[in-house]
Amino acid sequence: MRQLLFMLGMIVWGFSLQSCKGDEPKPEEEDFDRAAMFQNMATNVILPSYASFAEKLSSFQGAFDAFKSTSSEANLAALRSAFDQVYLSWQQCAPYEFGPAASVGLRLTVNTFPADTNRVHTLLGMDDYDLAMSSNSAAKGLPALDFVLFQLNPDRLSEAMTQDFIQQNIVMMSGALTSVEEEWKQSYQDEFQTSLGSDVGSSLGSFVNAVNQDFELLKNANVGIPLGKKTLGIIQPEKVEALFSAQSLPLLIQHLQSLKIAFNGNTGLGLDDHLDALNATYGTQSLSDAIQMGFDDAIASAEAIEGDLFEAIAQSPSQVEDLHSKLQNLVVLLKTDMPSQLGVQITYQDNDGD
Amino acid sequence: MIKRWIHSHVHAQVSIAPLVTFRFLFGLIMFISIARFYLNGWIEAQYINPDFHFKYFGFYWIPDLTPIGYYAMFALIALSSLGIAFGALYRISTVVFFLAFTYMELVDATYYLNHYYFVSLVGLLLVFLPAHRQHSVDAWSGLTQRSSKVSAVAINAIKLQLGLVYFLAGVAKLNADWLLEAMPLAIWLPAQAHLPIIGEMMMFKATAFAFSWTGAAYDLAIPFVLLSPRLRWFGYVAVIAFHLMTWSFFQIGMFPFIMIGATLIFFSSDFHIKLQSHLGLRHGTFTAVFKRIPAYALNGLAVFFAFQVLFPFRYLMYSGNPYWTEQGFRFGWRVMLIEKAGYAQFKVSDERGNELWVDNADFLTPVQEKMLSTQPDLMLQYADYLKTHYEAQGVSNATVRADVHVTFNGRPSQPFIDPTVDLAALEDNWEEKAWIIPLVQKRG
Numbered sequence: 001m002r003q004l005l006f007m008l009g010m011i012v013w014g015f016s017l018q019s020c021k022g023d024e025p026k027p028e029e030e031d032f033d034r035a036a037m038f039q040n041m042a043t044n045v046i047l048p049s050y051a052s053f054a055e056k057l058s059s060f061q062g063a064f065d066a067f068k069s070t071s072s073e074a075n076l077a078a079l080r081s082a083f084d085q086v087y088l089s090w091q092q093c094a095p096y097e098f099g100p101a102a103s104v105g106l107r108l109t110v111n112t113f114p115a116d117t118n119r120v121h122t123l124l125g126m127d128d129y130d131l132a133m134s135s136n137s138a139a140k141g142l143p144a145l146d147f148v149l150f151q152l153n154p155d156r157l158s159e160a161m162t163q164d165f166i167q168q169n170i171v172m173m174s175g176a177l178t179s180v181e182e183e184w185k186q187s188y189q190d191e192f193q194t195s196l197g198s199d200v201g202s203s204l205g206s207f208v209n210a211v212n213q214d215f216e217l218l219k220n221a222n223v224g225i226p227l228g229k230k231t232l233g234i235i236q237p238e239k240v241e242a243l244f245s246a247q248s249l250p251l252l253i254q255h256l257q258s259l260k261i262a263f264n265g266n267t268g269l270g271l272d273d274h275l276d277a278l279n280a281t282y283g284t285q286s287l288s289d290a291i292q293m294g295f296d297d298a299i300a301s302a303e304a305i306e307g308d309l310f311e312a313i314a315q316s317p318s319q320v321e322d323l324h325s326k327l328q329n330l331v332v333l334l335k336t337d338m339p340s341q342l343g344v345q346i347t348y349q350d351n352d353g354d
Numbered sequence: 001m002i003k004r005w006i007h008s009h010v011h012a013q014v015s016i017a018p019l020v021t022f023r024f025l026f027g028l029i030m031f032i033s034i035a036r037f038y039l040n041g042w043i044e045a046q047y048i049n050p051d052f053h054f055k056y057f058g059f060y061w062i063p064d065l066t067p068i069g070y071y072a073m074f075a076l077i078a079l080s081s082l083g084i085a086f087g088a089l090y091r092i093s094t095v096v097f098f099l100a101f102t103y104m105e106l107v108d109a110t111y112y113l114n115h116y117y118f119v120s121l122v123g124l125l126l127v128f129l130p131a132h133r134q135h136s137v138d139a140w141s142g143l144t145q146r147s148s149k150v151s152a153v154a155i156n157a158i159k160l161q162l163g164l165v166y167f168l169a170g171v172a173k174l175n176a177d178w179l180l181e182a183m184p185l186a187i188w189l190p191a192q193a194h195l196p197i198i199g200e201m202m203m204f205k206a207t208a209f210a211f212s213w214t215g216a217a218y219d220l221a222i223p224f225v226l227l228s229p230r231l232r233w234f235g236y237v238a239v240i241a242f243h244l245m246t247w248s249f250f251q252i253g254m255f256p257f258i259m260i261g262a263t264l265i266f267f268s269s270d271f272h273i274k275l276q277s278h279l280g281l282r283h284g285t286f287t288a289v290f291k292r293i294p295a296y297a298l299n300g301l302a303v304f305f306a307f308q309v310l311f312p313f314r315y316l317m318y319s320g321n322p323y324w325t326e327q328g329f330r331f332g333w334r335v336m337l338i339e340k341a342g343y344a345q346f347k348v349s350d351e352r353g354n355e356l357w358v359d360n361a362d363f364l365t366p367v368q369e370k371m372l373s374t375q376p377d378l379m380l381q382y383a384d385y386l387k388t389h390y391e392a393q394g395v396s397n398a399t400v401r402a403d404v405h406v407t408f409n410g411r412p413s414q415p416f417i418d419p420t421v422d423l424a425a426l427e428d429n430w431e432e433k434a435w436i437i438p439l440v441q442k443r444g
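Residue numbers (this note's numbering), protein chains in the order written: chain A, 1 to 354; chain B, 1 to 444.
For reference, chain B alone in the conformation it holds in the complex:
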């Protein structure tokens, strides 16, 4: 029974068509994303202009690049996206794409987004999936052996990846603020009250509740709905409606389009074969050598997914609300769950206790300052940076403290960290950050 299930979901040879569509749309949307990023001037604004970049814990060693280096890196991502889309030098393209894209993420933690993490994960998966065996430059030119079939695991791995993202995002929504207070949507939706027709609805708290609950239900249910052949079309219409709606309401960039494109993989191979033949891509049959997926590959895949499932729950190691402390917050599909604004006044003192107040705008861009003022690990990095900067200016044995106030999901602002702690003397690590002040404010 189990053996048969494993055989049909892992080793069985199925049509490669869904994977080809996926490869093409993913590569294309990535290319468009990078072009958009460049045209918006964000390479300059986010990477070149800042004097200082925040890093992820464990990745402090990631070096910043020169302006030409950043442009070159983005050019590499753009080229390799096209390589993926058209299956040109596919293996090299996927490796380059994964490394370059992930590198750009690691350069500055300011720009952390769950969907960038998702793109990196998919990029890594694609390195190992033979999505270029048909309808690709590699196949046409004979660089790779043509095949109209692929082991089922190649397609199911993508489905599992997508399903995990939705489901874990749904699990993250099962918290009191989201379900019982409709926060933060109760703040974000009224900001859209100017929209025609639906705008007026946005002022009602009931609308925020309806959105919150359907949002959670959607995330939890959609993987299963898409898996069911009977409900699939209904599910896909829901995917389109849901993502287009969030796209029109919120400033969330390309993510909705990535998901609308990616979830097509849930459709049958017949659907994809037809889709491709409409584009003049005839689905020839090429016999490929049946290869049993080796155990080490399956184990690797298991580790890959187990990590994604377990890592978000590291927040359980820490006390307090993870949405407030942000300990164990990232890489957990916690999307759209917090509305926060902070104000961080850093103070540098010399050994005689003389104090100076830092104007963050002297060192950080507005986005960096926004992220700094609510994220404790960034505060530690900034304190280190300030200590180095001011000691070079002659402030001896500088200590760095900060008055930080944060408002969270509509609660009145309150102090966020202990203002007496010398942040420059602390090292970031996995331990609990005891200097974060617990959330005490209640909504009025």
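Next comes chain A alone, as it looks inside the complex:
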């Protein structure tokens, strides 16, 4: 028995030595600094996204105050344009629904679409209501304002009840955003940058799962559902994001660009560098390149769409179909190859062990 163990020991030892020699220069031995990646994501991407969203919200508030004092055409145009800016800057925050954003429910507060316009009408006729109630879940935030600012008869924007509705929505969104930002600054940023494991509750786990979830939401809610993917091919173009301001396409492109930045960390360390450090490949290229190209393909496909998504889906859906299939290709890489290579867990449940 001893001899057997000794032999096994020798084999293992010999094998390790041999593979040591062979592998020494290979990049799989590169040490990747996860903490530095999280720091980059937090300080250079996520927090600035929140700050920019807050700034755009306050400009919107300014434009709204100006419109309330003088409801001119010019002020209305300025108000609407400020709204478009808010919506665009939201897209930069969308991928990060984990940690404080998840506990506040930021996405549900800000961007549950399509808006339930009947419910918005009802609220506009009520003296007192609570936007936080679940019956109002699709009658608030940016989609509701999109309807109020761009679809309602502009005369009604001068009515006190409409103005009150707009004001309540601004307050609700700013409030949610402020609490997210405060929690990040007070405690979560430290936690985020120091939890270095790969289980579900770890930063890597929450981050990767949140980005993937947002990507799938984009694929399904922004493109798939309007394209009829849930309704046996019967198109539902009225379900696009920002239907009334007709900004669905620029918003979608911005959203895709934000997701790409969530992946590559913009100019700093990101998941792409993490995958490179692990020497993750996809066919003849690196996995990170394959994913970057997937994003570029999808963005190019979206940019080739003419008009906004509503028109494109209603009139010539083939270009939108192309976008959808590009998203479908990319989601495979994001949800299989990437988490698998990173060793990310998606659940707390026990695995087999021995």
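Hints are computed from structural coordinates only; laboratory data are not their basis. Incorrect hints may have been included.
Stated by the list, open to error - Each computed DMTMM-like pair below joins lysine to aspartate or glutamate, with the alpha-carbon atoms no more than 25 angstroms apart:
1) K230/A / D403/B
2) K230/A / D422/B
3) K442/B / E321/A
4) K56/A / E182/A
5) K433/B / D384/B
6) K230/A / D362/B
7) K347/B / D322/A
8) K68/A / E182/A
9) K442/B / D422/B
10) K387/B / D428/B
11) K433/B / E369/B
12) K230/A / E432/B
13) K68/A / D51/B
14) K230/A / E321/A
15) K347/B / E159/A
16) K55/B / D418/B
17) K442/B / D276/A
18) K442/B / D384/B
19) K149/B / E200/B
20) K347/B / E44/B
21) K347/B / E321/A
22) K230/A / E355/B
23) K56/A / E351/B
Said to hold, decoys possible - One-sided and incomplete, this derived list gives chain A residues near chain B with beta-carbon spacing under 10 angstroms:
24) A74
25) L76
26) Q213
Even for Gly, the Cβ is constructed at its ideal location relative to N, Cα and C.
Fit chain B to the supplied structure of chain A, relying on the hints for placement.
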């Protein structure tokens, strides 16, 4: 010669002490496992919340329970675990434990784990082993005849069960991915690179190789090491070190503790008598009637173990890599051998060819979706479920297809099943699933 061996390993009367320790630790660890399961909110998350439960082939008839039913079932398992630990109404407890625990496993194949299978097997064994004859509520209260002895087979059956688990897990590790590529450890270990001191080592491929080879060697050798009186302490230290290490690295729950507790049975009866006397349990001698183990019982035991040895090799009936196709994969002690992630896009069509895409999150929990996206038999059940669901919604003569991509042990993702096959028209059976696409991807 053979007769004497059989006599000393089967019929000979030996001290019951090792079996008593085993009974107590097994029951206690099971109780802790169930308490942990409950405290983690898993009864709700895994059993009550899902709208739909995947079943094992041959067990489609297992009914789902109401929320109260699930809690009651877990309460039964918890109570019967304590019954086993303290030898209280032992026979009833073991039967209840085995049935209730196995039932909960069969309710949803999503949560399949080899170690749950192991617990069921041990539960079944305990039904027939008189582990309650000493230091038990039953013995103290006179419900059972006291005995300080037990037929050797009672202890050896447990040893054999443990040895089989290790050895077969070792055999399963003798494959190219594990030995020649150090997969999946070469993926899993770098994920631990943040750990202090040892973390840096985890980035080296050599570490993954060392772990893979020592892991295989450990599994294959440990039953024999534990059987050898000279090497036993060395072996047990290795057991503790090995299981604590895997426990700290991987999300594997209670299994390491079950094994650390269970393998104590390999120690001598003197060891166990001393251990128990430290706890104030005096090892009295009670004469029991010597009973020869009847032939039918031994035959039953032989069938029980033969099944465990043979069943894992059913994969030989199928072509392709069983770790890829998962045909004949379960109940084979294939632990920690695959790192897989899949993405399954199901599509339902009506008779005119209009198609809708299913959002799995509408029907499944994240864990169920994860398991679905790599396991072909679950895809068939899901397709049936979708067909029923959408036909009730007015989709006439629904057909169900799926685009599934899977990445396996670090290979690039590739299509997993034939996207043109109507999965709802297929029945699961023992035959080869020809609609699984063979593994073609190579590691870069």
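Verification of the supplied hints:
1. As the CA atoms of K230/A and D403/B are separated by approximately 16 angstroms, the hinted pair is consistent with the 25 angstroms bound.
2. For the hint linking K230/A to D422/B, the alpha-carbon distance of about 19 angstroms falls within 25 angstroms, and the restraint holds.
3. With a CA separation close to 31 angstroms, the supplied pair K442/B and E321/A exceeds the 25 angstroms bound.
4. Our distance criterion of 25 angstroms between C-alpha atoms is met by K56/A and E182/A, whose separation comes to about 18 angstroms.
5. For the hint linking K433/B to D384/B, the alpha-carbon distance of about 16 angstroms falls within 25 angstroms, and the restraint holds.
6. A hinted pair counts as satisfied when its Cα atoms are at most 25 angstroms apart, and K230/A with D362/B qualifies at roughly 11 angstroms.
7. Distance restraint check for K347/B and D322/A: the Cα-Cα separation of roughly 17 angstroms lies within the 25 angstroms cut-off, and the hinted pair is therefore satisfied.
8. The suggested pairing of K68/A with E182/A is violated, with an alpha-carbon distance near 30 angstroms, which exceeds 25 angstroms.
9. Proposed proximity of K442/B and D422/B is contradicted: the alpha carbons are some 29 angstroms apart, above 25 angstroms.
10. Proposed proximity of K387/B and D428/B is supported: the alpha carbons are some 16 angstroms apart, at most 25 angstroms.
11. At most 25 angstroms may separate the alpha-carbon atoms for a hinted pair to count; K433/B and E369/B meet this at roughly 21 angstroms.
12. Our distance criterion of 25 angstroms between C-alpha atoms is broken by K230/A and E432/B, whose separation comes to about 33 angstroms.
13. Of the supplied pair hints, the one linking K68/A and D51/B is violated, its CA atoms being roughly 50 angstroms apart against a limit of 25 angstroms.
14. Of the pairs offered as hints, the one joining K230/A and E321/A holds, with about 14 angstroms between alpha carbons and a cut-off of 25 angstroms not exceeded.
15. Taken as a hint, the K347/B and E159/A pair is broken in the structure, with Cα atoms around 48 angstroms apart against an allowance of 25 angstroms.
16. Restraint check for K55/B and D418/B: satisfied, since their Cα atoms lie roughly 23 angstroms apart, inside the 25 angstroms limit.
17. Our distance criterion of 25 angstroms between C-alpha atoms is met by K442/B and D276/A, whose separation comes to about 18 angstroms.
18. Distance restraint check for K442/B and D384/B: the Cα-Cα separation of roughly 33 angstroms exceeds the 25 angstroms cut-off, and the hinted pair is therefore not satisfied.
19. Between the alpha carbons of K149/B and E200/B the distance comes to roughly 52 angstroms, so the proposed pair goes past 25 angstroms and is violated.
20. This hinted pair does not check out: K347/B and E44/B have alpha carbons roughly 29 angstroms apart, beyond 25 angstroms.
21. For the suggested pair K347/B and E321/A, the alpha carbons sit about 15 angstroms apart, so the restraint of at most 25 angstroms is met.
22. Distance restraint check for K230/A and E355/B: the Cα-Cα separation of roughly 8 angstroms lies within the 25 angstroms cut-off, and the hinted pair is therefore satisfied.
23. A distance of roughly 50 angstroms separates the Cα atoms of K56/A and E351/B; the hinted pair therefore is violated under the 25 angstroms criterion.
24. Taking 10 angstroms as the C-beta cut-off, the interface hint given for A74/A is violated, the closest approach to chain B being about 44 angstroms.
25. Taken as an interface hint, L76/A does not check out: its beta carbon lies about 38 angstroms from the nearest beta carbon of chain B, beyond 10 angstroms.
26. Given the 10 angstroms rule on beta carbons, the hint for Q213/A holds: about 9 angstroms separates it from the nearest Cβ of chain B.
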